[in-house]
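Use the sequences and the hints to build the structure in full.
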Amino acid sequence: MAEVEETLKRIQNQKGVQGIIIVNAEGIPIKTTLDNPTTVQYAGLIHQLVIKARSTVRDMDPQNDLTFLRIRSKKNEIMVAPDKEYFLIVIQNPTD
Amino acid sequence: MEIVYVYTKKRSEFGRQCNFSDRPAELHVDILPDPTLAGNFIERNPCDMPIQCVQEMSEHEVNTERFATETRGINHVEGGWPKDVNPQEMEQTMRYRKKVEKDENYVNTLLQLGSLMEHCIKQNNAIDIYEEYFGEEEDVIEGTEEPPSAKTINVFRDPNEIKRTATSLSWHPDGGRKLAISYSSLEFQHGSKEMSFDSYIWDLENPNKPEMTLKPVSPLVCLEYNPKDSHILVGGCYNGQIAYWDTRKGSQPVEMSTVEHSHRDPVYKVIWLQSKTGTECFSTSTDGQVLWWDIRKMSEPTEKLVLDLSKKGNLDSSLGAISLEFETTMPTKFMVGTEQGMVVSCNRKAKTPGEKIVCTYSGHHGPIYALQRNPFFPKNFLTVGDWTARIWSEDIKESSIMWTKYHMAYLTDGCWSPIRPSVFFTTKTDGTLDVWDFLFKQNDPTLSVKVCDEALYSLRVQDNGRFLACGSHLGTATLLEISSGLSTLQRNEKALATAMFERETKREKILEARHREMRLKERSRSEQGKEEDAKDGDTEENPEDLVAQAEKTFFEIIEAERRKNEEEEQKIQAEMSKVGKEEKEDSEEKEIDEMEVRISFC
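Protein chains in written order, with full-length UniProt numbering: chain A, 1 to 96; chain B, 1 to 602.
If you are wondering where the hints come from, they were derived from the structure by calculation, not from laboratory data. Errors might be hidden in some of the hints.
Stated by the list, open to error - Stretch-level coverage of chain A by chain B, calculated; a stretch enters the list once three of its residues show a Cβ under 8 Å from a Cβ in chain B:
| # | stretch |
| --- | --- |
| 1 | 7-13 |
| 2 | 28-37 |
| 3 | 50-64 |
The structure presented is a predicted model; accordingly, all values stated were derived computationally and were not measured. We put the beta carbon where it would ideally sit given N, CA and C, even for glycine.
Structure follows, in structure tokens:
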């Protein structure tokens with residue numbers, strides 16, 4: 001428990017990190033550093049995207065699996081580390 | 001041959017049932033073949049028989065059942081909560097969350113994901129993987145500089161039999177897809193009765209036939225599109241009237257100015273003014289007037305100016321104007337180029353007509369056919385006339401700051417490039433178009449293109465600076481495309497052009513100052529001399545006095561001569577008595593002739 005907190009704190013303190021969201025397999029945000037409406041929006045949208053991405057990768061090659069997803073946009077970068085049950089979503093402002 | 005077989009039945013036997021019986025065959029008719037009948041027929045050989053070998057097919061229509069689709073958006077509301085947890089209740093959600101956090105799987109997964117994520121975050125922070133090295137290098141075109149060139153794209157010929165000069169061109173204001181050309185014959189009394197008065201609007205894509213015809217009452221000398229409303233054009237006629245057209249309304253002018261209030265000579269230039277209504281224009285002609293018009297009311301000009309330098313408004317001593325210049329950034333000032341070779345700068349908002357004429361610039365030997373301010377440096381303007389093109393600065397009134405050499409042919413029209421401040425174009429009567437770039441070469445044109453064999457009379461550059469159209473003596477308008485080197489703004493060009501203009505202006509200013517000094521010195525010297533001669537009396541005051549003086553001296557000389565002749569005659573007579581009569585007569589005649597010659601010489 002404490003290690004989890006510590007890990008999250010470490011990530012939060014990295015340069016440019018704007019927010020962290022932990023979502024479970026059903027799309028419920030477990031832990032977040034952003035406000036509720038934003039969290040809900042991210043959780044819903046990213047969740048669907050990750051499912052789609054994973055199914056795409058596995059369709060190409062059933063042995064393959066999605067390890068990381070990065071969406072770079074004009075204003076920031078959304079990074080998703082997926083797992084079977086939980087996702088870790090981090091929004092960062094890349095160095096400019 | 002009728003073949004008839006008669007069946008008979010007794011009346012009493014009607015209705016009786018039939019009794020059929022067999023009997024042997026009877027030959028009724030035997031028609032033998034008759035070959036002579038073949039003479040009535042002609043054998044047809046060969047016979048055409050169409051046959052077809054195709055699969056038999058049938059046509060069927062099929063339509064699937066309609067599949068109804070609908071586009072729906074998804075609104076993300078918190079979901080996925082298990083049935084027993086009510087998402088609205090904070091307590092329940094908190095409890096659920098806490099439960100999840102205690103799950104061991106959660107802890108392990110998260111530690112693992114965390115380290116993976118940290119790696120990527122640090123990666124991001126370390127290097128910007130999408131960094132662009134060397135920034136945006138657009139102008140690596142230093143190496144790909146092509147020699148300047150101009151390519152003819154299209155040629156528009158006057159469709160009439162009798163060719164007229166294309167005197168003026170105007171590009172369509174939106175995008176320049178159309179070109180309005182006015183045709184007229186500027187040679188004095190050269191127009192024949194069959195010469196058509198029409199002017200045309202051409203679409204650039206179709207050089208075979210003009211898109212629209214404009215039919216004025218007298219040939220148009222100049223024609224301009226309204227920059228605010230691309231359907232309206234105004235034209236100045238050969239007989240001095242102004243007319244305006246609306247292309248939506250047809251070929252006839254919508255309205256024409258009244259003959260009494262128009263110009264008395266062909267209208268050489270008409271320009272639209274920048275006004276809120278977008279309906280004001282002004283025109284000029286060689287009769288010495290500049291008239292302002294509002295096209296909504298063409299019966300009378302709204303304002304009038306007579307180009308009389310003595311500021312008395314006297315039409316007889318006014319200068320005839322050939323070209324007009326108006327810059328929308330300076331709406332109260334305008335310039336007029338005259339037939340006498342002077343440019344008159346005027347202020348529209350002056351209170352008295354005398355003050356309207358501000359100053360003059362003289363330097364050309366003949367009419368100034370083109371006058372335009374540099375679109376980037378409005379203080380400098382270009383004039384084209386006689387055999388040279390000159391660039392002036394507004395501040396220096398004595399002479400131009402830059403000029404081209406004297407060419408072999410007259411220059412007929414010129415204009416600046418709207419994209420490059422140091423490039424301008426001129427046309428000549430030998431049919432060549434010159435492109436000048438004074439940052440590149442000052443003595444000669446950068447590019448000289450022979451467009452056609454006859455003289456070129458008018459020139460207009462399109463607003464994008466790439467295309468230009470020039471009109472010739474026989475009514476042929478050629479559309480040229482300029483190479484990109486001459487139609488794209490180079491780096492530092494504005495700064496270099498500014499520096500060049502300033503340098504030339506300074507040089508002229510210094511020269512002007514020197515001239516003034518020299519003149520002052522001379523004047524002061526002559527004044528001193530005059531004071532000494534003042535006692536001799538005023539000799540050269542009025543022309544009348546001079547004339548009287550001249551007459552007096554003339555008669556004095558004649559008197560002196562006559563007296564001399566009389567004296568000589570007396571001498572001859574004295575000699576005559578000595579020599580003899582014949583010789584006397586001869587010598588008398590001779591001397592009389594001599595005297596006559598001498599008298600006629602006086």
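The hints, checked one at a time:
1. 7-13: holds (count 4)
2. 28-37: holds (count 3)
3. 50-64: violated (count 0)
The earlier numbered hint that this structure contradicts is number 3, and it is the only one.
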